[in-house]
Every structure is written in structure tokens, then in C-alpha cells.
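Student: Given next are the chains, with one letter for each unit.
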Amino acid sequence: MEDLLKVSNLNTEFKSDYGSKPALNNISFNIKEGEVLALVGESGSGKTVTSLSIMGLLPNNASVENGEIKLLSKKNKEINILNLSDEKHNEIRGNDISMVFQEPMTCLNPTMTVGEQILEVIIRHKKISKINAKKEMIGLLELVEIPDPIQRSIEYPHQLSGGMRQRIMIAIALACSPKLIIADEPTSALDVTIQAQLLELLKKLKNSIVTKTSILFITHDLGIVKELADRVIVMYQGKIVEEGNVLDVFENPKHSYTNNLIQSLPEFKIEKRKQNKIIKKETNNKNIILSIKNLYKEFPVDKGIFKQSSESVKAVQNVSLNVRQNKILGLVGESGSGKSTLGKTIIKLIEPTSGKINFKNQDISNFNRQKMQNIRQKIQMIFQDPFASLNPRKNILDTLMEPILVHKLMKKNEATEYIKQIIHDVGLPIESLIRFPHEFSGGQRQRIGIARALVLKPEFIIADEPVSALDVSIQAQVLNLLETIKETYNLTMIFISHDLSVIEYFCDEVAVMYLGHIVEMAPVNELFSNPKHSYTKALLSAVPKVKAKKTNKILIKGDIPSPINPPSGCVFRTRCPNPTHDCKEGNIQMGLIEVSPNHWVDQCCVNCH
Amino acid sequence: MNFFLKKLLIVIPTLYIAWTVVFVTLNIIPGDPVNLMLGGRPASDEVRENVRKNLGLDKPVLERYGSFLVNATKGDLGKSYLTRQPVTKMIKENMMPTIELSIGGLIFGVFFGVLFGIFAGTKPNSIRDTISMIIALCGISLPSFWIGMMLIYIFGTTLGWVPIVGDGFVSLILPSISVGLFFAGGMARLTRSSLVDVLNQDYIRTARSKGISKYNIILKHSLRNAMIPPVTLLGIQFGLLITGAVITEEVFARPGLGQLLLQAILAKDIPLVQALVVYMTAVYIFLNLVVDFTYGIIDPRIRLERKN
Ligand SMILES: Nc1ncnc2c1ncn2[C@@H]1O[C@H](COP(=O)(O)OP(=O)(O)OP(=O)(O)O)[C@@H](O)[C@H]1O
Ligand code: SF4
Ligand SMILES: [Mg+2]
Numbered sequence: 001m002e003d004l005l006k007v008s009n010l011n012t013e014f015k016s017d018y019g020s021k022p023a024l025n026n027i028s029f030n031i032k033e034g035e036v037l038a039l040v041g042e043s044g045s046g047k048t049v050t051s052l053s054i055m056g057l058l059p060n061n062a063s064v065e066n067g068e069i070k071l072l073s074k075k076n077k078e079i080n081i082l083n084l085s086d087e088k089h090n091e092i093r094g095n096d097i098s099m100v101f102q103e104p105m106t107c108l109n110p111t112m113t114v115g116e117q118i119l120e121v122i123i124r125h126k127k128i129s130k131i132n133a134k135k136e137m138i139g140l141l142e143l144v145e146i147p148d149p150i151q152r153s154i155e156y157p158h159q160l161s162g163g164m165r166q167r168i169m170i171a172i173a174l175a176c177s178p179k180l181i182i183a184d185e186p187t188s189a190l191d192v193t194i195q196a197q198l199l200e201l202l203k204k205l206k207n208s209i210v211t212k213t214s215i216l217f218i219t220h221d222l223g224i225v226k227e228l229a230d231r232v233i234v235m236y237q238g239k240i241v242e243e244g245n246v247l248d249v250f251e252n253p254k255h256s257y258t259n260n261l262i263q264s265l266p267e268f269k270i271e272k273r274k275q276n277k278i279i280k281k282e283t284n285n286k287n288i289i290l291s292i293k294n295l296y297k298e299f300p301v302d303k304g305i306f307k308q309s310s311e312s313v314k315a316v317q318n319v320s321l322n323v324r325q326n327k328i329l330g331l332v333g334e335s336g337s338g339k340s341t342l343g344k345t346i347i348k349l350i351e352p353t354s355g356k357i358n359f360k361n362q363d364i365s366n367f368n369r370q371k372m373q374n375i376r377q378k379i380q381m382i383f384q385d386p387f388a389s390l391n392p393r394k395n396i397l398d399t400l401m402e403p404i405l406v407h408k409l410m411k412k413n414e415a416t417e418y419i420k421q422i423i424h425d426v427g428l429p430i431e432s433l434i435r436f437p438h439e440f441s442g443g444q445r446q447r448i449g450i451a452r453a454l455v456l457k458p459e460f461i462i463a464d465e466p467v468s469a470l471d472v473s474i475q476a477q478v479l480n481l482l483e484t485i486k487e488t489y490n491l492t493m494i495f496i497s498h499d500l501s502v503i504e505y506f507c508d509e510v511a512v513m514y515l516g517h518i519v520e521m522a523p524v525n526e527l528f529s530n531p532k533h534s535y536t537k538a539l540l541s542a543v544p545k546v547k548a549k550k551t552n553k554i555l556i557k558g559d560i561p562s563p564i565n566p567p568s569g570c571v572f573r574t575r576c577p578n579p580t581h582d583c584k585e586g587n588i589q590m591g592l593i594e595v596s597p598n599h600w601v602d603q604c605c606v607n608c609h
Numbered sequence: 001m002n003f004f005l006k007k008l009l010i011v012i013p014t015l016y017i018a019w020t021v022v023f024v025t026l027n028i029i030p031g032d033p034v035n036l037m038l039g040g041r042p043a044s045d046e047v048r049e050n051v052r053k054n055l056g057l058d059k060p061v062l063e064r065y066g067s068f069l070v071n072a073t074k075g076d077l078g079k080s081y082l083t084r085q086p087v088t089k090m091i092k093e094n095m096m097p098t099i100e101l102s103i104g105g106l107i108f109g110v111f112f113g114v115l116f117g118i119f120a121g122t123k124p125n126s127i128r129d130t131i132s133m134i135i136a137l138c139g140i141s142l143p144s145f146w147i148g149m150m151l152i153y154i155f156g157t158t159l160g161w162v163p164i165v166g167d168g169f170v171s172l173i174l175p176s177i178s179v180g181l182f183f184a185g186g187m188a189r190l191t192r193s194s195l196v197d198v199l200n201q202d203y204i205r206t207a208r209s210k211g212i213s214k215y216n217i218i219l220k221h222s223l224r225n226a227m228i229p230p231v232t233l234l235g236i237q238f239g240l241l242i243t244g245a246v247i248t249e250e251v252f253a254r255p256g257l258g259q260l261l262l263q264a265i266l267a268k269d270i271p272l273v274q275a276l277v278v279y280m281t282a283v284y285i286f287l288n289l290v291v292d293f294t295y296g297i298i299d300p301r302i303r304l305e306r307k308n
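Just so you know, the protein sequences line up as chains A and B, in that order.
Everything in the first sequence is counted per our numbering, starting at 1 for the first residue and increasing by one.
Everything in the second sequence is counted per our numbering, starting at 1 for the first residue and increasing by one.
Looking at chain A on its own, in the form it has when it is part of the complex (with noise of 0.2 Å):
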């Protein structure tokens, strides 16, 4: 097959007051036609400056030094696009080459509706009328399997989910036939659900797409590739380190950086573990530290100043779990699923509606702020981004000394020995504690996060998606020293994400959140291999897999229901691939049985399949 786009030695630099930085060394890459070419890299490693430089929209104050890219255009044209002016790179933008984004929160025009968006770029680059235009548009929506396109057509982008905003931006990237579609990062932003559904449907375009048009498909998630590329380049630092077919690269990495790559996934790791025979030892009936019984929050919803607000987005609801001493509780659930206001609420930082919270033997549920003062000791939170926690004008020395000294917990010099000490355990060099938040990276300020909420002692950590937002390899290192600190301290921990793979890996039992409810719960094994609920059926077999072989997925369809308005019965009927009669009339009551020993799910499940 004949070459759509060739890069050649492609050079592209950022410029600063201090000189200048460069992004791209000389990279060089083809895509032929039909095919899906996979870019993969952490971040920084030059993903996206490549797929700018190629569509001509770099910032300001970057430019490519020099280098050729070529393309096939559509007249069978060789063209090089360094060349062509602005005026004339337009004419190909959005015909020839065109691009999905990574956000979709955004990157939609809010003021106009998003019909709009796409007839543009038809009546930009086809001579048609409006009305056949119009047509085409609605032909697009249908497309991408939008429901209801005409009425869709009339709305504005806030009015649409995430999922739905996406499949807007792949309409526009589809409406020309480009030959050439960039995807960056197109599913990133959104949850493991919606981003199977969006995967589905590229898969579709792509084998259908009669045009031959290829797809740049750039991520970090190696499952992804696995299940949409032909072939992938692998980035690091501004250079390409390896290309490949993509089975090939993933049997055989040629470059140390993929085999690192591929060996930090936590799917690798619980298969090493599971090899070497260190299976996870079952929950016995070790001491209980934290139980909840039947706990609620529901938010008021705000209606101004002149109506009563009736209304609550019932973010938590009935829910009651148990906690051992030294063991790790992994929360998982779509986003909106209320996992951080469960979270929130053990430790009180939000006041729960109603509902039971026994921390060691108190019921602590009821306690005023003096009192859960000394609780806020032993329970201590880690957030996703602990940077916009950390004072920016506070050395790390100051930061953790800080909460010290409010709890009276030591004096100043001792506590300066033992700050010390936790900096040393959590593997960041001494001179750290005399710099400031903003000279660390991601990875490093995670461990300054962990440092943090290890000064006080806890005997229990609650740590809300504390790898969601690291790359692959820095996510693995930041698990690891979770999982020493864990033992070095002592401690029992829940941990919040919305990653299965990071929670299978990390957490000893397991609880699948969906619209405020826990719908299923067990031992990690258990649950990965013998799932009982639909609703988590449907979410492992959402999750891309590297070593998965061609199954079928269970894909949910549509997107999460209101909490404010949750459906009556199962909560999860609305989107439940293969609901009972009796489910999809909401006859059913929701309520956590014991199936096997601790393996609780939710009873309609168990009695209907």
C-alpha cells in the first residue's frame, strides 16, 4: 500500500527567554493508507507536538527548524505541508487531515450548537448547498450513533456528555472523508465504559470506511493499541525508540524503554505475581478498624434564593462496608459514581446524611469538630493532585511540619530528625525538604502527598485516584512505595480509582460503586475471575488489555444516568446489557446478599442470573 504521509528528520523546538528547547529530534515515521498507526509515549515525550506540527498548529512559540513532511493529498498530489501558507494549509485542514482532540469539555465552541460546528466544515471545503449539507450532517450524527440527531443537531455542546461531545468531534474529523484523521488522546478524559463505546465505533468506521483513511491514534494506554492499531511507534524524549507491528513490539520490545513500558503495567504484574505463586491471602476475620452501616449523603440542589430546593443528588447511598486492619479496600466506579464523597465523608470532611461510622470501636459519625480532630490524626487523605493542596511559598520542611506542630504530636527538633526520616522512606533525597512544590514533577509530588499524610502517623489512609494522574512507569513506582509504606507503618488503607487494572494489582478486596450504591464486593480474585453483577461484568470487560485475546465485550450503552433522578428498582437498568423483565419494570429492591464467603452482591443479580 502506497504512502500517505511521510515525516522525515523532523526537527520542531520551543522557544523561551532562555533559548531554546528542542521537542522533536528528528523523527521520522510513515503512515500508509487504511492503516491505524499508534503513538505511544508518557507525557512530555512529544506526542502531541508531533500531530500539531503536522496540522500546522503549533503555539507561537514553537516551530519546526526543519525537516520534510509529505502528503498524498486528495488529487493524488504529493504535497509538502511545511511549505504551504496558512492560507493554503486551511484548504487541507479538516479535508485531507483532520483531528480529534483530548478534551471534550472544551474543545467544543460553546456558543454555537453543535450542528453548527459540523456543517461548517462541510460548507468550508465542499461546494454544496446548505440543505444537502444539512443532510450530510445529519447523516454524520447517525454516524457516529448519536440518538435522536436532529433534536441532538439543535443542542449546544453543554447539553451533551462527554461520551457524546466525542462522537461529535469524530463527526467533524469524518465530515470531508479526510485521508488522514489524528486522534490525540481521544478517550483519555472519559470513563472505561464510554471510552468502549467510542473504541467500538472507531473500530466500525474503520473497517468501513471506504476512502481509505488512515487513523494517527496517539495514547498512553497500551490496551488501546492493542486493540485498534496495525502498528506503533513508541516515543521517548522527542525520539522514536522503537516501531513496529504492534505484536511484534509487545512480544518482542526491542528498546529498553517499551520493555520498562510494557513491564510497569500493572496487567504484567499481577501476571509475574500470579507465576511466581504469590497469590493475595484471603480476607480472614481480622479485626475490624473501620465499619459503615447503611451510610447516605445526598447534596441539596441548589435552586436559588426564591424556591425551596425538594431536589438532592443522591450521591451515597445505603451504603455499609467493613475494613480490616491491614488491608486495602479498593473503590472503583464510573466518574459520578460517588466514590470521593464516600471517601470524603468517612473522614468527615463532608457531613454524612445519615448512617453509622465506627472508627475502631466509635461511632464517630456523630462527632463535632474538637473531637474529630484527634480521628483526623489517624485517618489522613491523599489526593490526585497534591499539588494544588501544597502551599506554593512553603518549603516541603515547613509543609510537613507544619501539621506537627498543630497537633502537638513532637518538638521542633525532633520532629525535624523525623520528617527526615519519612522524606528518606519515601525514596526522595534529603535537600528536597528545602525546595518549594513547584520544582518537583508529578511522580515526586505524589510522594510529597504521601509524605504528608504519613507525618501524623495514621494508622488509616484514604487515598483518592493517587496514580491517576502519573504516567504508566511513574504510576507503578508510586504503587510500589505505597505498598512498602503500607507495611513499614502499618497501615490499612481505601483506595479510590477508576483504573480496574491499578486495583486489581493493589487491593486486597474490592467494591464496585455505580450510582451511589455498592453493587458488588469482594476479595480481589474473587471478584476478577468470578464477577457476579452485570454492571461489573460490563466494566472488566471494558477495561483495553495488552495480553487479552479477542473476546467479546459487554458494552454498556448510553450514558450515567442522574443521581439527582436515579431509576427506581436497580439503578443500573437503564444501561444493563441483559436486564429481567422484572428489572426493567423497577420491581426490583436493591440490597447487598452474601453469595460465597465475603463476596456480597447485589440480590436482583443473584436471583435473575
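If you are wondering where the hints come from, they were derived from the structure by calculation, not from laboratory data.
Here the structure is a predicted model, which means the values were calculated and not measured.
Just so it is clear, CB atoms sit at the ideal spot from N, CA and C, and this is done for glycine as well.
Be aware that one or more of the hints could be misleading.
The calculated DMTMM-like cross-link candidates involving lysine to aspartate or glutamate, where the alpha carbons are at most 20 Å apart (straight line), are [claimed, not checked]:
(1) A:K547 x A:E68
(2) A:K127 x A:E145
(3) A:K74 x A:E2
(4) A:K212 x A:E78
(5) A:K74 x A:E87
(6) B:K220 x A:E414
(7) A:K584 x A:D559
(8) A:K547 x A:E200
(9) B:K220 x A:E13
(10) A:K239 x A:D86
(11) B:K214 x A:E116
(12) A:K269 x A:D221
(13) A:K203 x A:E33
(14) B:K220 x A:E33
(15) A:K286 x A:D508
(16) A:K457 x A:E483
(17) A:K134 x A:E145
(18) A:K32 x A:E13
(19) B:K214 x A:E91
(20) A:K74 x A:D3
(21) B:K220 x A:D508
(22) B:K214 x A:E87
(23) B:K123 x A:D86
(24) A:K545 x A:E200
(25) A:K378 x A:E487
(26) A:K272 x A:E483
(27) A:K254 x A:D230
(28) B:K89 x B:E100
(29) B:K214 x A:E13
(30) A:K127 x A:E116
(31) A:K75 x A:E145
(32) B:K220 x A:D86
(33) B:K123 x A:E87
Coverage of chain A stretches by chain B, computed from C-beta distances (three or more under 8 Å per stretch; other residues unrestricted) [claimed, not checked]:
(34) 97 to 105
(35) 569 to 580
Chain B with the ligands: place on chain A using the hints.
Tutor: Relative to the frame of chain A, chain B with the ligands by itself:
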């Protein structure tokens, strides 16, 4: 529409508070209106009493306050102490020139403000940006009476391009500039910063990736989004527009509400001052409603929020 009902409900207490403040201040300021009416001529106590009774000033303050509010809601704002004519009639007679001037100032301000804002904002940190912003700064910081006088001196007296007095469209040009310049400066600065912000948004990058021309990106994708802060400014600054008109009328010796207000204050003509302030607050509030309404047109997110 629910939203506008709520807004209207807020209008009433606002007007009430504004009118009360006017009434109280005018009654606290020292100086007996009877003295002012008599123009300092000596008069017997009997005459003074008569005048007082005629004006209704013999009644207790609270009663006057009460009847003022009641009459005001009926649209009857009393008679001027000085001319003995109904104040509403006086206001009507003097209204047109001020409305003309305000609209003139508004058009000038918005047009040049937005123009300079776009000019500067589409190429931030360039020479044209710097120059535009210096001009805008001048517009904001130079006092409008001084600008008025300079305009008269340069274009009226020295160059003789435009008449300084008289009516008709041409004579409106200089006063409009002098009223609108301040406005234009603020609009330009805000339009610029808001445009710079919008041009860095992700959806602009999306539009560029579709091959939309630079011109259309600014016209179709940026301006509407960028106009939200300037429109807010518009709402806040209507008051300044009215103040500007008052001063400018004095400088250009134009008839209008400004002149009327000035005379009324100097003469302590309480009903007239009251009526003028009542009118102006009402107009101010009405214009703000119009601005609120405009938001909804500009930004569909706001429209949706209001529906719920
Ligand atoms: N302070 C608040 N006021 C009103 N509603 C809230 C508040 N905090 C959370 N919610 C709502 O409660 C529900 C649960 O939110 P929560 O943040 O706990 O979800 P999550 O599972 O942590 O999601 P994510 O994976 O995106 O972090 C959501 O519908 C959310 O919009
Ligand atoms: S109860 Fe019914 S609707 Fe709910 S998850 Fe189970 S099968 Fe699906
Ligand atoms: Mg969360």
C-alpha cells in the same frame, strides 16, 4: 421567563431604596427652600408661611415621605418649587437631548471600544496592541469635561469643522465623543483581554483544525464568546454614561436633563431633583434588565440555566 419575573421583583425594592435615599438626603441638606424661592428678598413671616403651605412643606416629614412614595407610584411626582409646573412635564421637555447624547455616546463608545479591542486583542503584545491600549488608557483617564473643552477648541474653534452649538446630527458629534470616550476606553481594554483569553481556548484550536479562515475564527468563533465581559461592563457603566451626559451638557451648553438637574440642585427644588433621580434610577435599572437579557442571547449556557 421565570428569570425575568424574579428580576422584576428585585426592581421594586431597589427603586424604593433609591427613592428613600434621595428623599432623606434632600431633607438633610441645610438651606430652606423657601429662602431660595424668595431669592433672599426680605419677607414677612406671613408670606413665608403662605409659601411654605403652598409647597406642602408645613406637613410633618413622615407624611411628606409617605405621600411622595404613594404619588410616585401613581406617576405623579409633584410640582417644581421654582416654576410651579408639574415636574414630569419639565422632564419630558428636556428628555430628548439627553437621550440623544447618551445614545450617541453609547454608539461611539461601543463601536470604537470593540474596534480597538479587536485590533489589539488579535495580535497581543504587538506594536498595534501597545498603541491601541495607550489610546484606551487615555480615554479612561482623561476627564470628560477636559476632553469636551479640547474638542471644542480644536474642531470647533480652531478648525471650524463642526458647529459647537445648534441642533441636528452634526452638533451631536463632539458631545458624543466626549461622553463616549471613557466608555470606549473601558470597552477596548476589556474586549482585548477577553479576546486574548478566548483565542487561547481549545475550541479555537478545533476551529483552526477544521480549516476555518482567520477572519471567520474571529468573527464566528471568538467575538460572541469574548463579548460576555464587555457586556457586563456596559451594564455597570450606564450610570457613568448618565453622569457623563450631565457634565457634557454643561460643557457644551446643551439643554437636557443634566442642565435641569444642576439648576434644580442649586435651587434646592426638591420635587424636581427627586423626580429626576427617580427617572434616572428607573432608566438605569431598565437598561440593566436589557443587558441581562442580552447575556442569554450571547451565551446559551445562561439561557438554559434560566429555563430551569
Ligand atoms: N459538593 C457537592 N455538591 C453537590 N453535588 C456534589 C458535590 N460533590 C459531589 N457531588 C455529586 O455527587 C456525585 C458523586 O460525586 P463524586 O465526586 O463522589 O464521584 P466520583 O466517583 O469520585 O467521580 P470521579 O471518578 O469523577 O472522581 C456526582 O453526581 C457529583 O456531581
Ligand atoms: S438487577 Fe437486573 S437490571 Fe440490575 S444489573 Fe442485575 S440484571 Fe441488570
Ligand atoms: Mg473522584
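Student: Let me make sure I understand: some of the numbered hints might not hold for this structure. Which ones are they, in numerical order?
Tutor: 1, 2, 6, 9, 10, 14, 18, 21, 29, 31 and 35
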